[in-house]
Amino acid sequence: MNQETDEQVRVRAILDRRPGAFEALVRDYQKLCWHIVYRMVGQDDAPDLCQETFLRVHRLLHQFRFECPLKAWIGRIAYSIALRHLERRRAAPTSYLDDEVEGAIEPPGDEASDLDAIADRQHADRLREAVAALPAVPRTLVTLYHLEELPIPEIATITGMNEGTIKSHLFRARASLRDSLRRRGVNEP
Amino acid sequence: MKTPERSPAIARALAAEKDGLPKDFATQVAQLAEAAAEARSSKWNEVALGLAFVAMIGVCIVGWLALGASESVGSQWLASILRLAASQPLLTLGITGVALIQVLTYRRRAASQSFDAH
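If you read the sequences in order, they're chains P and D. Mapped onto the working numbering, the consecutive letters of the first sequence carry residue numbers 1 to 189. Mapped onto the working numbering, the consecutive letters of the second sequence carry residue numbers 1 to 118.
Just so you know, not all the hints are guaranteed correct.
[What the hints assert, rightly or not] The calculated BS3-like cross-link candidates involving lysine-lysine, where the alpha carbons are at most 30 angstroms apart (straight line), are: (1) Lys-31/P to Lys-18/D; (2) Lys-2/D to Lys-31/P; (3) Lys-23/D to Lys-31/P; (4) Lys-71/P to Lys-23/D; (5) Lys-71/P to Lys-18/D; (6) Lys-71/P to Lys-2/D; (7) Lys-71/P to Lys-31/P.
FYI, nobody ran anything at the bench for these hints, they're computed from the structure. Just so we're clear, the structure is a prediction, and the values are computed from it rather than from any experiment.
Given the sequences, and given the hints that come with them, work out the whole structure.
Written out as structure tokens, the structure reads:
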């Protein structure tokens with residue numbers, strides 16, 4: 001009954017330096033890494049930081065204890081590297097929401113359908129611009145939640161924030177996106 | 001607090017963006033990681049080799065002092081060692097040769113790592 005999970009097999013293959021094992025892991029998680037790092041620091045520095053992330057993953061993999069999904073562990077490394085980079089640039093992630101504030105905002109019931117209706121195909125560019133205009137942390141959270149479709153607990157593992165804080169960020173970001181789209185002349189139905 | 005609803009519209013808009021990573025990113029990173037792991041393990045090999053070398057020198061010195069120089073004590077120890085070295089030329093030559101090989105090997109490795117880094 002001591003069956004290894006797929007992740008354990010995969011990690012062991014990398015630690016045994018099986019050819020191609022680490023490359024396959026990078027291929028599988030490079031998009032996640034990109035989404036985190038790019039949203040945090042922008043286009044210019046993202047490739048180097050993604051590389052740094054995977055080099056660190058390779059160096060620290062023997063310490064991975066399977067206490068969380070491998071994806072979340074890699075995401076956490078990417079997030080911490082991006083965060084440190086921002087701090088070094090003296091552009092600490094500006095948050096429009098105090099990390100400890102929770103529960104301040106509840107969404108209107110039909111918010112998702114409103115936003116979906118607003119942001120149809122021809123409005124996608126404006127929606128992207130609006131996302132890009134969000135501060136670094138909520139921008140990253142929006143990407144992880146809506147694009148990567150990670151569950152809130154995994155996002156909490158990656159960012160080190162508690163779940164309530166993440167939800168607050170997400171609600172506030174949605175409200176901000178809606179306002180931003182209105183200002184850009186997209187009419188709400 | 002309620003869990004926010006996911007928005008397919010946001011997902012679609014963000015998914016349309018291309019990532020800025022090179023096509024062979026995974027291959028490049030895997031090669032770099034492998035090289036870094038190699039460098040780490042060779043660093044420990046260097047340390048082990050260095051320790052072994054120091055131990056060998058220690059054994060030789062103790063041997064010289066014990067077998068060849070019962071009179072070598074106090075401030076005369078250096079002169080005594082030199083005298084012993086002169087009296088046992090083959091051993092001296094062997095140790096010098098090993099030391100030289102170590103230094104040259106280290107220099108060559110350092111040079112090749114510096115070249116790889118560039």
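*Regarding the pair Lys-71/P and Lys-2/D, is the alpha-carbon distance no greater than 30 angstroms?*
Holds, at about 25 angstroms.
*Could you grab the alpha-carbon distance between Lys-71/P and Lys-23/D and see if it respects the 30 angstroms cut-off?*
Satisfied, since the Cα-Cα distance of roughly 21 angstroms is no more than 30 angstroms.
*asked:* What's the verdict on Lys-71/P and Lys-18/D, does the C-alpha distance respect the 30 angstroms limit or exceed it?
replied: holds (21 angstroms)
*Would the pair Lys-31/P and Lys-18/D pass a check requiring their Cα atoms to be no farther apart than 30 angstroms?*
holds (10 angstroms)
*30 angstroms limit on alpha-carbon distance, applied to hinted pair Lys-71/P and Lys-31/P*: Given that 30 angstroms is the threshold and the Cα spacing comes to 11 angstroms, the pair holds.
*Is Lys-23/D close enough to Lys-31/P, meaning Cα to Cα at most 30 angstroms?*
Distance ~12 angstroms between Lys-23/D and Lys-31/P Cα, so the pair holds.
*Pairwise hint evaluation, Lys-31/P against Lys-2/D, where the allowed Cα distance is 30 angstroms at most*: The hint holds at about 28 angstroms.
Hint check: no violations occur; every hint is consistent with the structure.
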